[in-house]
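**Q** As a plain string of letters, each chain reads:
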Amino acid sequence: MQELIVILVDGLVFSSYLFMVSVGLTVIFGVMKILNVTHGAFYAFGAYMSATLIGAYYNTELPEFGGFLAIFAAAIIVGVFFGIVLERGLLRFLYHRDEHIIVLATFAMFLVLEDVLLMIWGTDPYYAYEPMALLGAVDIVELTFDVYSLTLIGLAVIVALGLWLGLTKTKWGKLLLAVIFDREISQAMGINVTVVFTVTFVVGSIMGALGGAYIAPTISVSPGIGVEVIILSFAVVVIGGMGSIPGAIIGALLVGISRAAAVHKFPEIELFVIYAIMALVLAIRPEGLFAPPQARKI
Amino acid sequence: MRYIDKTVVGLSIAFLVLLFADFFMAEWVRFIGLQSLARGAVALGLLVLWRTGLVSFGHALYFGFGAYAAAMLTLVGYHDAFFLVFAGTLAAGVLAFLLGFLLRRYRAIFFALLNMAFSMILYGVIVKTEALGSTDGFSVLTPTFLGYAPKGEAVQTTLFIFTLVFTYIVTVGVHLYLKTTLGGMSMAVRENEIRVEYLGYSAEKVIHVKYVFSGLVAGFGGAIMALAIGQVDPDSMANWTVSGEFVFITILSGIGNVGATYIGALVFELIRTYAFEYAPLFWQFILGGSLLAIIMFLPDGIWSLFGRLRRSDSSESSSNSNKAPSP
Amino acid sequence: MTAVLEVRNLQKNFGAVIAAKDINVTVNEHEIIGIIGANGAGKTTFVNMVTGYLRPTSGQIEFAGRNIMGLPPRTITNLGISRSFQVPQVFASETVFDNLMMAYAISEESGLGLLSPLYNDERAARVDRHLARYQVAEYRNATSSTLPQGIRKLLDIAMAAVSKPTILMLDEPTSGISAEEKFDLMDIIMEALRRDQTTVLFIEHDMEIVERYVSRVLAFYQGRIICDAPVAEALLHPGVREFVIGEEYHRTRTANGNGGDNGGQL
Amino acid sequence: MKTFEKAGRATLLATGLAAAMGLSTGIANAAESVIMAVPTFLTGAGAPAFGVPARNGAEVIIEAINKGTLPAPYDKSGKGLAGRQIQALIYDESGGGVKQVAEFRNKVQKQGVDLFVGYISSGTCAAITPVAEELKMLTIFPICGTPRIFEEIDKTPKYVFRTMGHATADGVAEALYVKANLPDVKGYTGINQNYAWGQDSWRDFDLAMKQLMPSVPVSDKTQWPKIFSGQYGAEISALMLSKEPLVHSSLWGGDLEAFIFQGSARGLFRKKQLLFSVADTSVYRLGKKAPAGAILGARGPYGIFAANIDTPLNNWFRKVYQDRYSVPPVGGSYQAAQGVLAAKFAYDKAAAANGGKFPSKDQVIAALEGSTFQGIAAPVHMNRSNGHQAATKHMIGVLQWDKEAGGPIMTKVTEFGPDCVMPPPGVNGTEWLKGGMKGAKC
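Protein chains in written order, with my numbering: chain E, 123 to 420; chain P, 16 to 342; chain B, 28 to 293; chain G, 6 to 447.
This is chain E alone, in the form it adopts within the complex (with noise of 0.2 Å):
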């Protein structure tokens, strides 16, 4: 019963990692139909940023508690700046070429990124834990959990939540769906698919940089830390079902759960349940598990 708790809340914490790490990428993908692998840089820009901004805070005499909007500073910061300067300054050149072109000149980006990295912050790793000890602990069936691990999850719900009634009820969510489903349509519709475009880019690299903003505490961010997180969230986004929400959501929490439970019950299999999840899927439902509706043309 307890191991049963237990599995269940680190499944959730690691779910919420999973999709804070990958919704990026799924709504980039859903709107865009640009797998974006520059968001592995995004969440380490997030990472850095944050550790550096926290650090900076906490060298300061303010309230301790205001450490966490250095967190939320640094993904805005991020990513306003390198969605602006990648979707106006690169991407919307390459819009008329092959999509494949595109993801290939963000794999580009991304390792100019990655050196980019090491020129500003060098290889020493950053640390930021002050607001992961803040927190302190709490224990669940008398196990001691960290309260900033759990706070991951209230913080996917929210950007689940709001990524769901942005969608569903706004009028930018309402544009949003349209230009999904058809982008010739909604641009004849006189919708402005260049805005819609340039706006959504900037919001999927706020995930982003979210992502590694918000774990930066929990770990030694160091590089390297880019490379991991896009094949992780590739991995859910196509679990789940390229470009759908939901489907990041599913994903994450079919991968997350199980691997808790391999972990406390097979250890051994650990490396391997991402992969076997993904395997399956594919096997069964190739699209994935929430492929969103496309509008099919001939």
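Calculated from the structure, these hints are not laboratory results.
You may find that some hints are simply not true.
[Claimed, not checked] When the alpha-carbon atoms are kept at most 25 Å apart in a straight line, the in silico DSS-like pairs for lysine-lysine are as follows:
| id | chain 1 | residue 1 | chain 2 | residue 2 |
| --- | --- | --- | --- | --- |
| 1 | E | 387 | P | 143 |
| 2 | G | 277 | E | 387 |
| 3 | G | 141 | P | 166 |
| 4 | G | 191 | E | 387 |
| 5 | E | 387 | G | 215 |
| 6 | B | 191 | P | 220 |
| 7 | G | 366 | P | 166 |
| 8 | G | 408 | G | 160 |
| 9 | G | 163 | P | 166 |
| 10 | E | 387 | G | 248 |
| 11 | G | 446 | P | 166 |
Computed from a predicted structure; not experimentally measured.
Mind docking chains P, B and G on chain E? Use the hints.
**A** Showing chains P, B and G alone in chain E's frame:
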């Protein structure tokens, strides 16, 4: 007359020149050449797919599969290059044939990504397998060539000739194949599958054939690479970044001509080698930067520099870019 | 008069919508049949079902005594039913010549033959004869995407006719063509097809065209065939007058038919 | 220098493109210098933990060698390697074995490297060994851990050396320490990254424990997180729920630090006795966050374990390193420095035997084979695998926070002699462990 074949002539000349040069070129040049031939072969497979309007982000799957198949045979005592390469190629081909039944139903980005997903599964399996050295991989002993067991520099020299001969055959083969009805259907499928169906042929069958073929050459490239380097490991043979490199090379080369893929691969190797040598800290920056530059300023790849056979693929295949998976 | 195509109680539902119901048609050799009806009447749906693009919900389709229900388009094409499209389906970035080379190669080769060179002089000669027959020779080396609408329609039909089908179904061959050009276009097509004695069914909104070229009319209304009779008789049929022609005459005066049937935009 | 002429001719082919990339070719090799390639992790996760400290350690020594400012026992033999200045080619080790093999060939055949001192990852070393032998290139591995190099890949090496003990020694030393200090431990489990290094480390420790403390049960649920996963919530829960009080871990770098943050936030280190094989790489950086009371190893007498070793060489090294990089040297720094010293020692010794003339490659190899030279903190005995595999003493201790000094220190340190933790010459490590570690001199 546009059907007189300059390409075969060109390839044959290049083949003879390289064959001759093999005995004179510096070892490191030969080594880079060897890798370029191996990677170029994979890019050749991607070129065939690309002409059909499909791009795979997962051909490290077949590259790695071929490499590991060949390498594992050396563990159980087979060392003849002919056998190893044949086995590696075949293994990858069979895998491609099986996965083909699933993948041929997909187009555009879905096709590209499902390939990537499968390649990551292979990666996971390898890392999980301690018997295969997990992430360390394992080293591949020097092959023999029908009983002839070269030593020292002769190993690379022989391997180079060996590779050269086979890549020449494969490449000319591909070129001629692309001129057949089946090969030509690449264009038809990319341009308009509906019309192909209503002309009485299955677009999926066309794609499947090309997919198997691309798997074969990727496996061939992998097996060659395993022998050339004398080492296999998942990170440099089955990881998604490797697949990225192959697409990189294809874009670098452009899909104008089968020969271009090898030039593209060579340029790629040189960029990487020199970036590594002169900017050990920022070689990724240079690699990524040059890729961006080519995407932006040489949309049709290096081949367009030769001013022939311009076919702006981008505009065309973006026409079916929003197409959903068929099922 | 031997029947080549027999359609029995054909029905097609899209969810709740009934796109076709109780379709019963017998098509005889060498007939020229006009299919008329308002937009959404089920004309294209009918063509799509016969040529295998849509799977009928129920019913039976027999071609040359063989049941072809649910067969894929390629098989039906190979059996001898070919079609053209409202929106021409050509290889846009290729020249007219290459389009037809490909069409000929695909319909001529099979099995190992597929591995013989696509280009050979005999085939090129056949292509050029075909081009001449459809009077598009002057566009031989033009890229299809640059062709005027009328010529692209011709090319589309020419490609469909390459396989010398027993039955050729034309989906609005004259839609999007100016009233003046229509007749020349139809003359070319009909002349070309008459040589092969091809059985032709074509969807048409323009009653003048219908009157001039067809021997028999199938009038669709709300997914049903409300009239199947020789042309003269059909044009007097009250249902046809009320539900089809009344509206059709307007349409030809103003904009020309540019479909949008439930059959999926082709 | 024949290869150079060849290379020169052949580079013409490349020059065009190179120039296009704004680069210039040409091999910079002043006649009177020795080109030493130093591959180490400059990018990626390996950089902060091992790569960069290793580079720094090598740089300090190389500079001192060229200036001739090394203290005893290297103060007599003059500047450079046998009088020739070292021209160091430091480059990135990341990218996997295949890429490194390619790069190795480039460095040898294109840039005319004279010797290699480097490689950190076992994977790269394993990949390089056969090539180094094929190309007859003197290659000194200062760090990588896997015993496979001389036990499986090349049992009779000629050109490849490793100047520190291999992973088997770590496992044995750790197990011996546990036996001595936690005699009545109720059981042990582990958390190791699911890749070659993690798998080897656990296997050796587990085998050694089974020999030394056969009655102590091992968990059937040892944790195998994916390398670089960085998220250990579930693993930490599982460890805290497990009944075994002792936890073995070979985590390193970012993964280790993330594990420590997430673990200490949940009181893991109060609940369990941790044993870290290579945590010394992080202790200085983590400062107070480092888990006091944990058992630590540094794969030998390196890093924090050398803090109080009072030899001129060690004092000098710590001071110069500290002044230059404003952090104390860690394991990697010591190990890389040791590798470079091996070259210094070998060249000078060979030159002496050669009547002062600059020695040939074979003479250098002969000089190093089976020799014993002074490492930074302890003597290094090249007396395994035909004199190509080193054995050094090993040290394990408990990490504490020193309030006065305001820094981490090692307490309850135990030293183990080379012949106590390393398998005897010619014996396969795993079999040695399984066979009850016969011939171990403790």
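**Q** Provide an ascending list of the numbers of those earlier hints which the structure does not satisfy.
**A** 8, 11
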